[in-house]
Structure formats: structure tokens, C-alpha cells
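Chains as they are written, first to last, in my numbering: chain A, 54 to 321; chain B, 12 to 172.
Keep in mind that a hint or two might mislead.
[Unchecked claim] Below 30 Å or equal to it, Euclidean Cα-Cα: the simulated DSS-like pairs (lysine-lysine) are:
id : chain 1 : residue 1 : chain 2 : residue 2
1  : A       : Lys320    : B       : Lys129
2  : B       : Lys14     : A       : Lys74
3  : A       : Lys58     : A       : Lys74
4  : A       : Lys222    : A       : Lys279
5  : A       : Lys116    : B       : Lys25
6  : B       : Lys25     : A       : Lys79
Treat the hints as calculated values from the structure; they're not laboratory data.
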Amino acid sequence: MYDFKYHRPATVRQAANLLLKNEDAKVIAGGHTLLPVMKQRLASPPHLVDLSHIEGLDGIEMKGRSLVIGATARHADVASSAIVGEAIPALAELAGLIGDPAVRHRGTIGGSLANNDPTADYPAACLALGATIVTNKRRLKPEEFFQGLFTTALASDEIITRVMFPVPKKAAYVKFRNQASRYALVGVFVAKRPSDVRVAVTGAGSEGVFRVTAFEEALKKRFSHKMLDGLTVPAQGLNSDLHGSAEYRAHLIAVLARRAVEAATGKA
Amino acid sequence: MAKISLIVNGNPVKDNIDPRTLLVQFLRENLRLTGTHVGCDTSQCGACVVHLDGKAVKSCTTLAVMADGHEIRTIEGLAADGAPLHPMQEAFREHHGLQCGFCTPGMIMTAVDMVHRKGHDLSDHTIREELEGNLCRCTGYQNIVLSIAAGAKAMANSDLA
Chain A
54 MYDFKYHRPA
64 TVRQAANLLL
74 KNEDAKVIAG
84 GHTLLPVMKQ
94 RLASPPHLVD
104 LSHIEGLDGI
114 EMKGRSLVIG
124 ATARHADVAS
134 SAIVGEAIPA
144 LAELAGLIGD
154 PAVRHRGTIG
164 GSLANNDPTA
174 DYPAACLALG
184 ATIVTNKRRL
194 KPEEFFQGLF
204 TTALASDEII
214 TRVMFPVPKK
224 AAYVKFRNQA
234 SRYALVGVFV
244 AKRPSDVRVA
254 VTGAGSEGVF
264 RVTAFEEALK
274 KRFSHKMLDG
284 LTVPAQGLNS
294 DLHGSAEYRA
304 HLIAVLARRA
314 VEAATGKA
Chain B
12 MAKISLIVNG
22 NPVKDNIDPR
32 TLLVQFLREN
42 LRLTGTHVGC
52 DTSQCGACVV
62 HLDGKAVKSC
72 TTLAVMADGH
82 EIRTIEGLAA
92 DGAPLHPMQE
102 AFREHHGLQC
112 GFCTPGMIMT
122 AVDMVHRKGH
132 DLSDHTIREE
142 LEGNLCRCTG
152 YQNIVLSIAA
162 GAKAMANSDL
172 A
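Starting from the given sequences, assemble the full structure and let the hints guide the process.
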């Protein structure tokens with residue numbers, strides 16, 4: 054790992070100032086993506102701004118009809134939170150599927166979203182649930198926030214502070230893991246919201262997380278796995294690599310979407 | 012350089028370190044606590060698992076500066092020198108939950124964390140799921156799973172947490 058200067062701000066404002074003042078500075082929270090790439094010398098930020106000591110940034114609470122999760126809430130905290138389990142059990146389950154227990158003790162929701170790994174789990178939840186990603190500057194919809202592989206709308210001095218998830222009527226996440234890396238080869242998050250249905254897919258898209266509108270329209274008519282009978286996803290635009298062809302991923306999306314609807318409707 | 016001050020196995024520790032220092036390096040090279048191992052160095056294998064504020068973490072993917080002000084427990088901190096082994100260590104000895112022993116400290120630290128979170132009555136399925144982040148390339152896990160189930164029960168009747 055190359056040398057860097059370590060900063061430990063006490064507030065989000067201080068952290069943003071450090072980012073503004075120091076070119077190419079990077080934010081670190083759990084470090085479970087950034088440190089591995091720094092060790093491989095794929096990233097060499099001259100400054101690290103550690104968010105993990107900012108108080109009040111890791112809270113989990115209900116605000117009206119929204120579940121609000123602080124940016125530095127760890128995956129293990131989301132997975133075991135009674136508040137999350139009550140409001141959006143699918144989200145708690147998703148958090149419990151990330152990495153392994155030790156990784157979940159360090160990794161954070163804000164870090165996962167800011168990294169926008171095309172195989173990460175949280176982006177699918179944000180897109181399907183219609184979350185609002187709140188930063189120190191503004192509020193972003195997932196469609197604006199996620200901008201392709203490892204790319205987000207975040208400015209260089211912008212920091213995610215919390216994520217607001219409107220509580221759905223029903224939801225489920227089903228993940229098909231790569232047998233070696235345990236990341237999602239394909240993951241499908243299905244949410245029946247008061248006004249519509251959303252189906253978001255991670256792991257498969259060559260531009261990162263995306264929605265399957267054909268499935269959404271069918272499920273909006275009736276929220277049953279039977280509505281997906283005969284529906285498929287084109288392989289075009291899906292990832293194809295040694296872990297699976299685009300056609301295989303397309304097949305998995307249809308299978309997992311069906312299973313997710315079954316799980317959400319208690320039929321699994 | 013960065014000044015850090017933390018508690019390691021109950022003892023206060025102060026040092027002035029290069030911020031690049033990984034927690035596992037700090038433990039092994041600065042404190043000479045070499046029970047914590049570096050296996051893959053990529054947060055996959057779990058040989059480096061220690062407890063940070065009572066929770067299992069991979070010390071190869073944690074900066075020592077990030078442990079400043081926190082409490083660390085390593086395999087050396089489970090039982091006092093010369094005292095009987097911690098029940099989880101004893102269970103690994105009794106049930107031969109190891110062959111080469113390289114993954115063992117991480118396995119035991121993960122197992123103790125597992126008991127703290129999941130209780131003393133652990134099914135084989137739970138143990139295997141929870142061992143997701145700990146690799147053993149010798150045993151095939153059978154005796155590790157046996158050891159953890161036995162250690163979890165033994166911890167219920169022990170003063171050592």
C-alpha cells in the first residue's frame with residue numbers, strides 16, 4: 054500500500070472540507086472495499102478521511118413511513134436490527150447475505166452504495182424500494198445516483214449521510230451466489246409498493262443495477278409468481294464472463310424473480 | 012505517523028505508527044502477538060480474525076489507526092498464560108479440530124464470536140453457515156464443526172466468555 058495521510062473528522066462538515074481541500078482524498082468507513090484495492094495498489098489516495106468516528110452517522114430509525122439508515126451503519130447492524138426486521142425484513146435478510154460475519158461487522162451501507170460494485174446487494178434494494186440517498190448536499194433517487202460500473206453521481210466532496218427506504222407492502226431479495234467469490238452472480242430484489250411494483254437486478258447488468266420493466270408491469274396487474282410465466286429477459290446487455298454467460302444470467306433473472314415473488318407472497 | 016492508544020487483551024497500549032500499518036501487522040510485529048495469522052491477506056480466509064469491541068473482524072483489512080480508542084482481543088487473550096485453556100480452545104484440542112493449525116486461531120476467534128451472537132446450542136448448519144469467512148485447507152471442516160458445537164456448550168458452564 055502507498056503512503057497516505059490519515060484524517061479523522063468529527064463531523065460531516067469537517068469531512069467534506071477535508072475532501073475539498075485535499076485533491077484525490079478518499080472517504081473510508083469500514084474499509085472492506087477500499088483497503089483491498091489499496092493493498093493491490095489499484096488505488097493510491099494521498100489522503101484518507103475516516104468517517105467511522107462521526108457520531109450519529111450510523112443510526113437506524115423509522116421516520117414516518119420511511120426506514121432511515123445512517124451511512125456508517127454496518128451490515129451486521131442492519132441484519133440484526135429489530136427496526137429493520139419489522140419494517141423491511143427483506144432488507145435485513147439482504148444485509149445478512151453480504152460477505153461473511155466478520156466482513157459484515159465492518160462494511161457499511163454508505164460504503165457499498167458509494168462504491169456501486171455491479172455485483173453488490175444494496176444497490177438492488179435501493180432501486181427496487183425507491184430509496185432516497187441523502188448526502189451532505191442533496192437528495193438523490195437511485196436512478197440518478199447509480200451511473201454505471203463503480204460510478205455514482207457523488208461529487209468529490211460529497212458524502213452519503215443516510216438512506217431513506219419507503220416501507221413497501223411486500224418485498225423479497227433472492228441472491229444466486231458465485232460459488233467462489235460469494236458475490237451475487239445474479240440478485241433480484243422485488244418490491245410491491247403502494248403504487249407500483251419494482252424488480253431490480255444486480256450482478257447481471259453490464260452497466261450495473263437495473264430494473265426489469267416487463268416483469269414490473271406484469272406483477273402490477275397481480276402480484277403473483279404466476280404472472281411471470283413465460284416472461285424472459287433478453288441476454289443482450291448482460292455480463293458474460295467465465296462465471297456465466299449472458300444467456301445463463303438472463304435465465305437466472307427470470308428464475309430468481311419468480312422465487313423472490315414467491316418469497317414475498319409467502320409461497321416459497 | 013499517527014499516534015494510537017488502544018486496549019489489547021485487557022492491557023493499554025500506546026504507539027506511534029505509520030498509518031498504513033494493518034491491524035494484523037501491528038499485533039504481530041509491534042506487539043509480537045503472533046497467534047493472529049496472515050493467510051490470504053485479502054479478507055477471504057479468516058486466519059487473521061480478532062475481536063474489535065467484542066466483534067469478529069478481519070485484522071488484515073482493518074488499519075491499526077482505525078482501532079485507536081477501541082478494544083482488541085486476540086487468541087492470546089482468551090485465557091491467561093499458564094491457566095487452563097478457554098473452553099473453545101479446549102474443545103478444538105479435545106475434538107482435534109485442526110491439522111496444520113494455521114487457520115485455528117481465526118477459527119477459534121470466529122467460533123467465540125458465533126457463540127456470543129448465536130448462543131450455546133449451535134446446529135451444524137448454523138456453524139457451517141457462520142464459517143463462511145474462515146477457510147481450512149486441511150480438515151474438510153468435520154472436526155472443526157464438532158469442536159465448535161462442543162465448545163459452545165462448554166462456554167455455557169465457564170467463567171471465560
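Results for each hint:
no., hint, in the structure
1, A/Lys320 - B/Lys129, "holds, 28 Å"
2, B/Lys14 - A/Lys74, "holds, 23 Å"
3, A/Lys58 - A/Lys74, "holds, 13 Å"
4, A/Lys222 - A/Lys279, "holds, 19 Å"
5, A/Lys116 - B/Lys25, "violated, 42 Å"
6, B/Lys25 - A/Lys79, "holds, 27 Å"
When the structure is compared with the earlier hints, a violation turns up for hint 5 alone.
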